[in-house]
Amino acid sequence: MNPTDRTLEPSVKEAPAHAAPTTAPSARWREERVTKDAPTPVLECVDVDVRYGGFVAVRDVSLPFGHNEITALIGPSGCGKSTILRSLNRMNDLVDGARVDGKVQYWGQDIYGPGVDPIEVRRRIGMVFQKPNPFPKSIYDNVAYGPRVTGMDVDSMDDLVEQTLRRAALWDEVKDKLKQSAYGLSGGQQQRLCIARTIAVEPDVILMDEPCSALDPIATLRIEELMVELRDRYTIVIVTHNMQQAARIADRTAFFTADVDETSGDRTGVLVEFDLTSKIFENPSDSRTEDYITGRFG
Amino acid sequence: MTTTTTTTTTPHQRLATDGRSRERNPRSVIFLVALWLSLFIALLTLLTLIVSTFIDGAGRLDSRLFTEFPSSRPQQAGARPAILGSLWVIGTTAVLAIPLGIAAAVHLEEFADRHSRFNRFVEVNIQNLAAIPSIIYGMLAVGFLGLLGVANKNIVIGGAVALALLILPVVIISTREALRAVPRELRQGSLALGATGLQTTWRITLPAAIPGISTGTILALSRALGEAAPLLLLGALVFVSFDPNGLLSGFTTMPIQIFGWTNNPQAEFRELAAAASLLLVGILLAMNALAIVIRNRYQRRW
Amino acid sequence: MTTLRTTPAGAATTPPLPGAPSLTGRPRPLETVVRWILRAAAALSVVITIGIVISLLGPALAFFREVPVLDFLTGTRWAPQFADKSFGVLPLVTATAWTTFIALLVAVPFGLGAAIYLAEYARPGVRRTLKPILELLAGVPTVVFGFFALSFVAPVLLRGLLGIQVGTFSILAAGLVMGFMIIPTIASLSEDAMTAVPQALRQGSAALGANRMQTTLRVVLPAALSGIVAAVVLGISRAIGETMIVAIAAGARPQMVTDPTMEGATMTGFIARMALGDSRIGSLQYNTLFAVGLLLFVLTLAVNLVAIQLVRRFRQEY
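Protein chains in written order, with full-length UniProt numbering: chain A, 1 to 298; chain B, 1 to 302; chain C, 1 to 318.
Please keep in mind that the hints were generated in silico from the structure rather than gathered at the bench. A couple of the hints might just be wrong.
What the hints assert, rightly or not - Residues from chain B that face chain C, not an exhaustive set, calculated with beta carbons under 8 Å:
id: 1; residue: 49
id: 2; residue: 144
id: 3; residue: 169
id: 4; residue: 280
Owing to the predicted nature of the structure, the values given are computational and were not obtained by experimental measurement. Each residue gets a CB set at the ideal place from its N, CA and C atoms; glycine is no exception.
Make the full structure from the sequences, and use the hints.
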């Protein structure tokens, strides 16, 4: 599968969830949609360690992220799931003293390899943050920002903004106030605007760092619906504290935990188990996963 | 606290009165009055200064001050060249100091490696420069112009260089603070879309920091406008009987003119000094008030 | 879990998949050029410092070739313009010390008192109104403060209201006005230091039954001490370097100051007065300016470095 093919061919197979977007996605369609086979990785961690200064935050993570799938990273606080997420588009470069060892393969090329420009990486692997962070600009300018700075060849910016907002299921709510400040929107709308802003630059992969943790349940539900719709065009990786959220929307789930060093007390994140979401939640193979899922720990 | 059980009042009431009496014992009251007085003295000084200058100079605050050239006859003297000179010098100072200061602040706050020894040295150096006596900057300007072989140092560009160097650290420090107040999430949001560091600074961080930068810059320029000491060293205390008309033109400024009139023992010149002081204080207080209004009104609470 | 891993670790060496998007960066010449300009602007501050040192040191060294350093630093007679020349800088130093001392005597208690009121007592609304007004005091140009000392403080306040016998020019009037000028500096920085003290410390003290005054004096002030000291030290630096007030109101006669009602020439006052005269570049008189300037620079540098260290320590604490 080739990314240019996909963009040329935007009409995608209709997933059941897409046909009935208002109903909460159930486990059934997921089983229909995702085969038990290994995912075709768009993005893959191979033996990744992340260090901050001398301290190892996450150790030895190998994880494939399947094409047009939603992969959830779950685990207790301090297990390194956000750290791994930030290493997937080199946002960790912005942290003083952060170092990534191992490889993060994107379409087969290491994004930490020589000659790779982190700016290009981030253009193709977008990120949505924990707290909605729209720019202090108009709604229109928020969406147009990415295409403008990356020098995208755009025929009509108005059309692009409209298309993008429609895809982010925000158009109907904001079409009459495109020139107004994004700060006038509700928290949930702001977060959907941030998602719109991200997909405006046509990335392959969208990373989401607990995108609903600052939102109320109704706004959360709308974002979840949106993610399920977007899955047809994008590969999504989401970090979440909310296990139900992972169970509702993710095709596959990776469970992380923290190993505590007996002598120093340092916590190092490790990947415990990665599998189909149904397997993780119904029949985990590791007892630590089971303890976490059933609430005995974390 | 244990006494509450022995009284008939409920513990709640007892605690309440206890708290009030503790705040109202004589020592606390004296302390509070002393604090009040401290603040009052500062405000009273400002008020007295304005009123006493007004009494001394209001009679001479007329059109002659704006239209006439300095003269040995106080009735005919005015501050026209000084007012124009101040405008020339401050305009040039702003052009020199603001872009340089913002550029330096952007580098230090957005791009420089905080852990490098050189950058830490630069930081301490800027803090120190901000606290160096202003008259030293006059000596620097004299040395600099001497190096260029300029014989007549009392020219607009010379004064502007001295004042620009003087306020540069202030502009840098306040711009850095304004940039620091912009949340990291905004920068990350921009970078995560594939914007470069410079695009992020130019399109997101700087626009968001504009209110803070304007506040700091206006305050810095008002300081330059009221400053006289460095210009004394350039020889700005001269009898200027022409309108300054360029960067190489001779000049005097309002603070220098006031200093000159203050030095004159004739009472009429003192009156002129007071009138010019009123004008200068009015302009500077307006600039300060503007800076404070911008800070309070437009600075977003993130 | 490992069954799902499709690419073995060794696959890292395989070439990109066919049609994979390029991650190689475009060259961005503008970005590089602008970054260098920014870097140069930041480095300019170092050039300024070097420039200051060079422009002071050159003439000052020429001065010290004619006047021994020890005579300069320990001499008690300052008469650079008389036929019977003498270059003992102590009269200037004592005048500076006196004006600075008097200024602190005014600014420290009043500045600190205002800061305590604003940080610990004032309601937010009151604080929002009073603090800007206090800051306006810092916006008054020093030449106007000097005029105020000459036209009001010396004749009306000191001679008239307080009955202190001072002449037109006096160390006392200049020092007092300088103190008023520094109040906002000390108040503003100390207030910042006090508001930075965590609320938990105040609550802890209140929970032990201390009233607000006790909490302020025993908990907040000690916790904010390094910040407050830094504010005072910066106030000292400003007082030492202040020029126009002393040039206008302290007088011009260089003498050992033993009584603040005397007139005297401070270091900055001397430089300002001397700059008015016509001293030929390279002459001993001209070089004298820079020798005094160098001493002033070294003194304020030492004071500033102390303040910067204190501020840094305070920032680390909270």
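Discussion item. Output the indices of the hints that this structure fails to meet, ascending.
Written reply: Result: no hint breaks.
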